[in-house]
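Student: Spelled out from the first residue to the last, the chains are:
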Amino acid sequence: MNPMNYVYLSALLFSIGAAGVLLRRNAIVVFMCVELMLNATNLAFVAFARMQGNLDGQVIAFFVMVVAAAEVVIGLAIIVTIFRTRRSASVDSANLLKY
Amino acid sequence: MTDFPWLTTLALIPLAGSVVVGALPAARELLAKQLALAISLVALGVTIAMALQFDANAEGQFQFTELHEWIPQFGVSYSVGVDGIALVLIGLATVLTPICILASWHDVDGSRRSVNSYFALLLVLETMMIGVFAATDVFLFYILFEAMLVPMYFIIGSYGGAQRSYAAVKFLLYSLFGGLLMLAAVIGLFVVSDGGPRAFLFENLLNLSIDPTTEKFLFLGFFIAFAIKAPLWPVHTWLPDAAAEAPPGGAVLLVGVLDKVGTFGMLRFCLPLFPDASRWAAPVVITLSVIGIVYGALLAIGQSDIKRLIAYTSISHFGFIAMGIFAMTTQAQSGSTLYMFNHGFSTAALFLIAGFLISRRGSRLIQDYGGVQRIAPVLAGTFLVAGLSSLALPGLSSFVSEFLVLVGTFTRYEAAAIIATGGIILASLYILLMYQRTMTGEPNEEIRKLPDLTSREVWVVAPLLAVIIGLGFYPKPLLDVINPAIERTMQQIGQEDPKPVVPVAEGTGK
Amino acid sequence: MPTILAAETTQAADATGVFALSWLLIALPLLGAAVLLLGGRRTDKFGHLLGTAMPFAAFVIGVVQFVAMLGRDPENRTFSQHLYTWLPVGSFQVDAGLLVDQLSMCFVLLITGVGTLIHIYSIGYMEHDPDRRRFFGYLNLFIAAMLLLVLADSYLLLYVGWEGVGLASYLLIGFWSYVPEYAAAAKKAFVANRVGDFGLSIAIMIMFAQFGSVSFDGVFAGADGASEGALTAIGLMLLLAACGKSAQFPLQSWLGDAMAGPTPVSALIHAATMVTAGVYLIVRSAPVFNGAPDAQLVVVIVGAITLIFGAIVGTAKDDIKKALAASTMSQIGYMMLAAGLGPIGYAFAIFHLLTHGFFKAGMFLGAGSVMHGMNNQVEMRRFGGISSVMKITWITFGLGWLAIIGVPPFSGFWSKDKIIEAAFVGEGWRPWVFGGAALIGAGVTAFYMTRLFLMTFHGERRWTDDVHPHESPKIMTIPLMVLAIGSAALGLILGPTNALVHWLEPVTGAHGEEAPVLSVPVLTGLTLLLIAVGVAWAYSLYVRQPVPEVAPAGSVLTRAARRDLYQDAVNESLLMRPGQYLTRFLVWFDNRVVDGAVNGLAALLGGTSGRFRRLQTGFVRSYALSMFLGAALLVGAMLLVRL
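Protein chains in written order, with this note's numbering: chain A, 3 to 101; chain B, 1093 to 1602; chain C, 5 to 647.
Keep in mind that the hints were calculated from the coordinates and are not lab data.
Please note that the accuracy of each hint is not assured.
[Said to hold, decoys possible] Heads up, incomplete: computed chain B residues facing chain C, CB under 10 Å, no partners named: (1) LYS1262; (2) GLY1394; (3) PRO1486; (4) ASN1575.
Ideal Cβ placement from N, Cα and C applies to all residues, glycine included.
Let's have the full structure, built from the sequences with the hints guiding it.
Tutor: Take a look at the structure:
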C-alpha cells in the first residue's frame, strides 16, 4: 500500500482534532480532540519514518506518547478541579487565561 | 591603619544595621528607632575618624583605596576610594542620615506599613549613598547608582502622601530611563577601553583615545542620566512630585544627597572621562543651567504648596551647581562642590522645619498658615534662618558657594553669570513671600493651637543651623579638602583659569 | 575739569596696640545679639541693658582709637588687621580682614555713638513691648553688621555687612510683623535691597575678572591700569548697589514703607546709618569712580533726581514719619550728588552724612517722643500746639529743624552749603543743572521741614479726644538733648575749620581750589534767600491759616506727591503684575507642557498597551484559533518560500 495514504489519514485525523478543539465547548471533548491531534502527528511521524527508512520518527513518536500521557494526567486533574469549583466544564464559561 | 578597609566598613555598618532593624518584631518600634539612630551615629563617628586621617595634599588621587577582582571577564572590579570631593559628599550623607532619622521619629507612626522597615530602608539608603560616592570603578558606580532607586522607591511609595504611588513610579521611571542610557554608555565605554580584568577602573579609563563622535555619544549617555538625577531643566518634573510626596526625612535624603549623585557624576565622570565632549557641550549645559536657575525660581514663587516650593528652589540651586561644574574654572568647580554640601544642609533645614510645621497643622498649602511667628517663635525663627540660607545671605554657608560659582563662571561666561545673579533677587522673593504668608500676620484659630518646637526637633535643627552659620564664616576646612581634588580635575580636563585683565601683583595675598 | 591729585596709596600698617582691638568693635555687638536671640526669655530681665552696653563698649573702643589716630601723622593713620583666611580657591583669595582708616573711623564713631544714644532711648520707648529683648537683639545685630560694612578691607567682606544690615533692617521693619502691612513693607525693603545687591555682586565679579582681586588694595592698585569701560561698568554696578541701600532713584520706593518699624529703628537704620551706606560705598570706591567720568555723571544725575524727588514727596506727606523719610531720601540725594562730583565732593558728602546723622536721628527720635505722647498717632493734621506740653522735645526738634534747613550757624548750613558750592563748579551745562537742582532742593527742604515743624508743634491743637500729650521720660529726652547739641554744633566745629576735609584727604584725595560759576557769597546769599522764602511760605500756609483736620483734595502735584509720585504704581504695573502673570504662566507651562509631555508619553504607552491587551480575551478557544492561524500562516509562508 502506498505509505502516503497514512499521511493523508494523519492529516484528516489532525483536521478533525483541530476542528474539535476549535468548535467544541466541553473541556473533556476538547481534551480528547487534542489527544487526537497528538496521535495524528504520531501517525505522520511513524509513516515518514517508514518512508525515509530510519528510526528517528519512531523515536519521536515515543516521546510524544510520553508527553501526551503526562499531559493527560495534569490536564484531566485541572479539568476535574475546574469542574468541581465552577460546576461546569465548558471552556467558554470562563476566560480563565485572562490575568 | 592605612590598610584598614575604611570605606567598606563604613558602608557595611548601616547595611548590617538595617538587617537587624528590619528583623525586629513589629511591636518593638521604639527599639528599632533607637537602634537605627545609634547605628547612623556610629557611621558618622567612623566617617569623622576617616576624615581626620585624610591627607588633602596626598600624591595619589584616591585614598583609602580597596581593590578586589569581581567579574574579571568583563573588566569589573570592586574598587573604592575617595578624593576630597567624594569625602565631602560622604560626610554630607553620614551627617544627614542621623538627623533625618531623628526628625522622622513620629513621621510614619500609624502608617499601614511597618515602621521598622522605614528606618531599615533609611539605613540601606545610607549604604548605597556611601557606596556610590566611594566607587572608583565605573561599573560598580553604575550598579549602585541604580540600586539606590530601590530603597527610595519604597520610601516614597510606601510612606508618602496622598499621591505617593504616582510620585514613586514617576521617580522610578525617570531614573530608570536615565540609567538605561547610562548602561548603554557604560557598555560602549568597555568597548573602547583597553580591556583586561580592570578595564572599568576610573584611572584606566582616563586618557583613552576615543573617536570624537563616539566620545560625544558616550558623554551624552552619562550626562543625560546625571541630568535627570540632578535634575536639570527640562527633565526636572519628577522632583517636585517625589519631594512633595515623600515623608520629610526621605525628601531630605532625596534632594539633599541622592540628587547630588547627578552633579557628582558630572564632575567625577563626565568631565575627566570625556574632556573634549564636555567642552563641546559646555555652552549648552550652561544655557540649560541658567534657564533652570531662573525657571526654578519663578516656579517656586508661583507655588501654593510648601514642599513643592522647596523642591523648585532646589531645581534653581541645581542649576547653579551644574553651571559651576561646566564653567570649568577652579572657583566655579570648588564652589559647586561646596554648594552640593551646603545645599544639602539648607534644604534639609527647610524641608525638616516645613515638615514639623506641616505635621502640626496637617496641610501643605501655604494659604492655610499665617501668623505662626507669634505662636511658635522658635519654629518661625529657625525657618527664617533656613530660608535665608536658601536665598544665600552672606555670612551663611550657601553664600560662599553660590558666590564662588558665580565669580568663577563670570570669568568665562559673563552673560550666563549675570543672568544667574538675577536669581538672587528671585530667591529673596520666593523665600520671603513664603515666610510672609506662613509666619507673619495675625494667627487664626487653627494656628493658635500649634505648639512650638519640641526639644527633639530643636536637636534636629540646631546642628543644621550651626553648620550653615559656621561654614558661612569659616569655610576653609572644607575648601582645603576640596581644592586639591578640583585642581586635579582641572588638570584631567586640561583647563586653566582665565587670567585677570589687569593682574595686580600685591594685595591678593596678605 | 578739576585737577585730580590721585590719592597717594598709603601703605596700611599692621594693626597694633589699640587698633588690634578693631575686631572687638564687631564682635561685641555680635555677642550681644547672639546672647539675646539665643538666650530666649531667660535674658528678658537684663536684655536691654546688655544690648545697650555692647554698642557703648564699641563706642569707647572707637573713641580710644580715634584719639590714638589723632596722635599720629596723617599718612600713618591707616591700619589693617588680618583676621583669618576666608575664601581660598585658586587665584581667588579673600581674607577676612579689617581696614581702619580716617573714613571708617568717622563711620565707627557715628554708628556706635548715635547707635548707643538710640539704644538708650529705646529702653524707654520700647518699655511696654513684650518683645523688647528681641528688639535689642536685632539692634545689636544691626550695629555689628554695619560696623563690618565700614571696617571690611575687601568688597566681598563689605558685602557680608551690606546684606547683614539689610537683614537687620528686614527684621526690624517687620518687628511688629503680625500687622500684615508691616510684614509686606519688610519684604519690600529686602527685595529692593536685593536688586541693589545684584549690582554689588556683579561689580565684585568684574573686579575679580579684571584685577584678580576683590580687596580694596588690589582693586585700587589695578584701577590705574584698567580700561575706562571696565571702570564704568564697575562704577555703575556699585551705583546700583548704592541706590538699593540708600533708597535712591529708581529703587527708592521701599524707604517710605520702611517707617513701619519702631521709631528708633527709623532713626538709626533708615536715617542715620544704614541708608547712608551707599554714600560710603561710593566714597570708598573713589579710585574706581575717578577713572570713570561717565559713571560719576550718572551718580550725580541720580543724586539730583532723588533730592528733588524726595523734597517734592516731603511737601505733601501728612504722616510725620513718612515726611521725615522723604526728607532722608532727599538729603541722601545731596550726598550722592556730592560723591558723584569726585574729589571735590567726597569730603562734603561725608560731612553732610555726619551732620545729617545727628539732626535726622534727633528729629526721628523727637517724632517718636511726640508719638509716645500722642498714642502712637503719626497724622500731623491731628497734632498742633504740642510745643507747650513737650518742651524738651520741641526745643531739640527745633534745633534739628534749623540744622536741616541750613540756617547758619547750625550744622546743615555748613555741610549743605558746601555741596551746593561744589555742584556749581565746572563747565558747560552741568554746574547750572546740578547746582540749580541743589539750590531749589534747599528751598523746598526749608518749606516742607518748616511745614512739618509748624504743623506738629505750633498752631491750634487739633488733637483727637483721647490723647493727653506729656513729655517723655528722661531716658528718652537725654539722647534727644545730646543729638540736638550735635545738630547745632557739629557743623560749627568741622565746617569753618575744614577739619574734616583735611582729615579725610589721605583717603579721598586732595583737590585744587576751584571757583564755582557764581561767586561763593552770591551762592550763599541765594541759598539763604530761598530758605527764607520756603520758611515764610510754610508759615503763611500752616500758621496764618488753620490746618484742616482732613487733608483737602489738593492740586494734581499734591495728589501725586502724596502717592510718592506714583512710584508704587509704576513698580506695580511694570514689575509686579507682569511678574505675577509670568509666574502664573510658567506654573501652567510646567504642569501642562513640560510635565504634560512626560505624562502624555506615559499615557500614550499606557493607552497602546491597553489596546493590545484587549486581544487577550482569556478564552481558550480564541487562543487556540490564533495558534492555528499562526501555524497555518507559518506553514503557508514556508511553502511559498520553498516554491
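Student: State for each hint whether it applies.
Tutor: Hints versus structure:
1. LYS1262: Since chain C brings a Cβ to about 8 Å from LYS1262 (chain B), closer than 10 Å, the hint holds.
2. GLY1394: This hint holds: GLY1394 (chain B) lies near chain C, its Cβ roughly 4 Å from the closest one there, short of 10 Å.
3. PRO1486: At 4 Å from the nearest chain C Cβ, PRO1486 (chain B) passes the 10 Å test, so the hint holds.
4. ASN1575: With Cβ-Cβ at 6 Å, under 10 Å, it holds.
Hint compliance for this structure: no hint is broken.
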